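A.B. asks: Given chain X, work out where chain Y should sit, using these hints.
Single-letter residue listing:
2 protein chains.
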Amino acid sequence: MKTYKDLSPSLRTIMTPGPVEVDPRVLRAMSYPILGQFDPEFTELMNETMDMLRDVFQTSNQWAFPIDGTSRSGIEAVLVSIIEPGDKVLVPIYGRFGHLLVEIAERCGAAVVTLEKAWGTVFDPEEISAAIGREKPAIVAMVHGETSTGCVQPFDGIGEECRRVDALLVVDAVATIGGVPVRTDEWLLDAVIGGTQKCLSVPSGMSPITYNARVEAKVLRRKTIERGLRDIDAAVPTVRPVASNYFDLGQLQDYWSPKRLNHHTEATTMLYALREGLRIVLQEGLEARFQRHKKHEAALVAGLQAMGLTLYGDPTCKLAVVTCIRIPAGVDGEAVRAMLLGSFGIEIASSFGPLKGQIWRIGTMGFSCNQKNVLHVLGALEATLHWHGVDISTGKALQAALAVYAGEATPC
Amino acid sequence: MKTYKDLSPSLRTIMTPGPVEVDPRVLRAMSYPILGQFDPEFTELMNETMDMLRDVFQTSNQWAFPIDGTSRSGIEAVLVSIIEPGDKVLVPIYGRFGHLLVEIAERCGAAVVTLEKAWGTVFDPEEISAAIGREKPAIVAMVHGETSTGCVQPFDGIGEECRRVDALLVVDAVATIGGVPVRTDEWLLDAVIGGTQKCLSVPSGMSPITYNARVEAKVLRRKTIERGLRDIDAAVPTVRPVASNYFDLGQLQDYWSPKRLNHHTEATTMLYALREGLRIVLQEGLEARFQRHKKHEAALVAGLQAMGLTLYGDPTCKLAVVTCIRIPAGVDGEAVRAMLLGSFGIEIASSFGPLKGQIWRIGTMGFSCNQKNVLHVLGALEATLHWHGVDISTGKALQAALAVYAGEATPC
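Chains as they are written, first to last, in full-length UniProt numbering: chain X, 1 to 412; chain Y, 1 to 412.
So that you can see chain X by itself, here it is in the shape it has in the complex (with noise of 0.2 Å):
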């Protein structure tokens, strides 16, 4: 028989957007042996839980639990509970993650309207309020921090024109939640999507959401149809019951409401860890962790800046968890990358479609956003170049990034 060796995965410093390094005290969460479903202890776990997601989204929406699948679950669970087959859907779409939810949205059946802006920039809030008036969808469906071009989208006005033509708001916060400013309540989102393994550091698995009262009222609406669905003649109804049923969330919210109706069995450790993920957030404080995140992009833009390389997309909409890098003319970025695992032990992140061989993306999330890794870094990234015989600046990153460090200077 074959056989397989013990697991022993080497020991990275993950500077990606996503997943990044987990904290040790969430690591250890994991480890505890498990309780069953319905143990008391257990479901106060997933009430506290709850609570600590509502502080975290800074809401409060009484819904706010974990979808029990990786971050796209929980954008295909709101998704798929609300669009009703034919429902105009207005995508924004400024990177690849808004294409994303077109295709989730149309395999739900919607009627999606795009709007397109060009990657490394995003919309003027009132050109996406212009397009909702226009259109008067039933849904608006938005990427708050793009990955793939690490830029960030305001939402001046936005949630109050989705108000005034009656349309929800859902915004996939995956990147920001834990790491940049997602005020569900103040914005008006109606339902937000955060991600586990980014700004959370807590590994993938999970897809913490919260959705409001006008979200829940969608859901509801569908749920007293289907019930009825077998006496009704079948021309007849409007709507059609949710086409999914481990993510219809008018059953899962009856699972984590008091009534605990079975739905599925709680994916018990990864709990845990989001639980751990939660407290450590909230134990350093959302702004204090907000204006860490600053903090570790303005050191590592000023190394990089020094070394001469040239950052990605428009600065003004720069998405402070991700730092996207031009990849130097004549350069084979995945060797950058290949020597930078082997050698130095550090992954960073290629890039997708239209920007394949054009950029790196370097992610400052969560636990792996430190001194410690920015440091290492961009000693390493200025190793490997100047090994690749590139033309950049040397000696000058690390000073840079140690005088942000020290308050003496802020990147140009």
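Each hint can be trusted.
Which chain Y residues stay away from chain X? Per the calculated CB distances, all over 12 Å, these:
#: 1; residue: Gln62
#: 2; residue: Thr121
#: 3; residue: Arg134
#: 4; residue: Glu161
#: 5; residue: Glu216
#: 6; residue: Gln253
#: 7; residue: Arg292
#: 8; residue: Lys295
#: 9; residue: Cys317
#: 10; residue: Gln371
#: 11; residue: Gly379
#: 12; residue: Gly389
#: 13; residue: Ala406
Partial list, computed: chain X residues near chain Y (C-beta under 10 Å):
#: 14; residue: Asp6
#: 15; residue: Glu21
#: 16; residue: Leu35
#: 17; residue: Asp39
#: 18; residue: Glu48
#: 19; residue: Met206
#: 20; residue: Tyr246
#: 21; residue: Glu266
#: 22; residue: Phe352
These aren't lab readings, by the way, just hints derived from the structure by calculation. None of these values were measured; they are calculated from a predicted model. Yeah, the Cβ is synthetic: ideal placement off N, Cα and C, and Gly gets one too.
C.D. replies: This is chain Y only, laid out in the frame that chain X set:
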């Protein structure tokens, strides 16, 4: 600010039909720092997991990988990927999880035809084969082991009949995989869904599946049409693209293949856990593991019968890993369960739907299935029933179980 305590779950003896106790080796694997999803070390772990899944499913299928979600996510992934709206799906129901198959298939747009059998019994396989020949469904979906009733359905001839009418046979082996034989290739099963948190004794949160070339052909046919969809008059296509992105097996297999096309971010830590859980299963050996489950079942049953308790269900189709006990008349089943948990730290399960308040269910699955646990639950149940004034024989249960372990007795 509200504070939350350090995680410190009580140690439980979990004797439910899942989730069950997790081997400390698996828990330890979950405490390792993570790797990036495209790190060559991680993709190698993914490949090893696929290899081991093929062994556990007893198949030479190319495709065997986990869906990142709880068990029903694997069921939904298979069904949503192969059911075209209007497809006839035959579901033989003999317990609660047959109804789940119906619900999922209906949400996928299937025309579902059911056969029903009284709970506590299973079908004569010839009844199912006759229905397949009569109905000529596109798909037959059925449960292998029903945790709701503790019954196991034999498959003799069903796979052959499915091939004859060109139906795909999809089997929910969530409760059985790793505990009782699931011979995918020998039984001509086209797709099989396993669960992690039962006989594999890995925490809930992944669902390993396997499927053969017949299933793949149907999935890929839909993928082709999906790609051409925008160019085709919407009224023309008779098949629609898969209604889910997260569960689209066509995209998932591209991610799990050497192509490594980006889909989701694989759930790193759960993959570590599944890999370690599968290593443990294969190190024990499948047939030895099946025998172990039968041995502890025999001891448990001997002890329960020695107490004078009555088992629920037809003994000729009893599932080795779940034992259902009729709650004696006049006994508050929930009070007994609460005392088992509170005084003995033991969890046994209540029941679903028509059996609510009628039976208890005891699981002997995976890591939880051991002599220490069986003797602990028998002793605790005897003492608890006696404490509640139930008229049972005392002092006999442990003797009867010990006799089985000593090889001196088999249950009546």
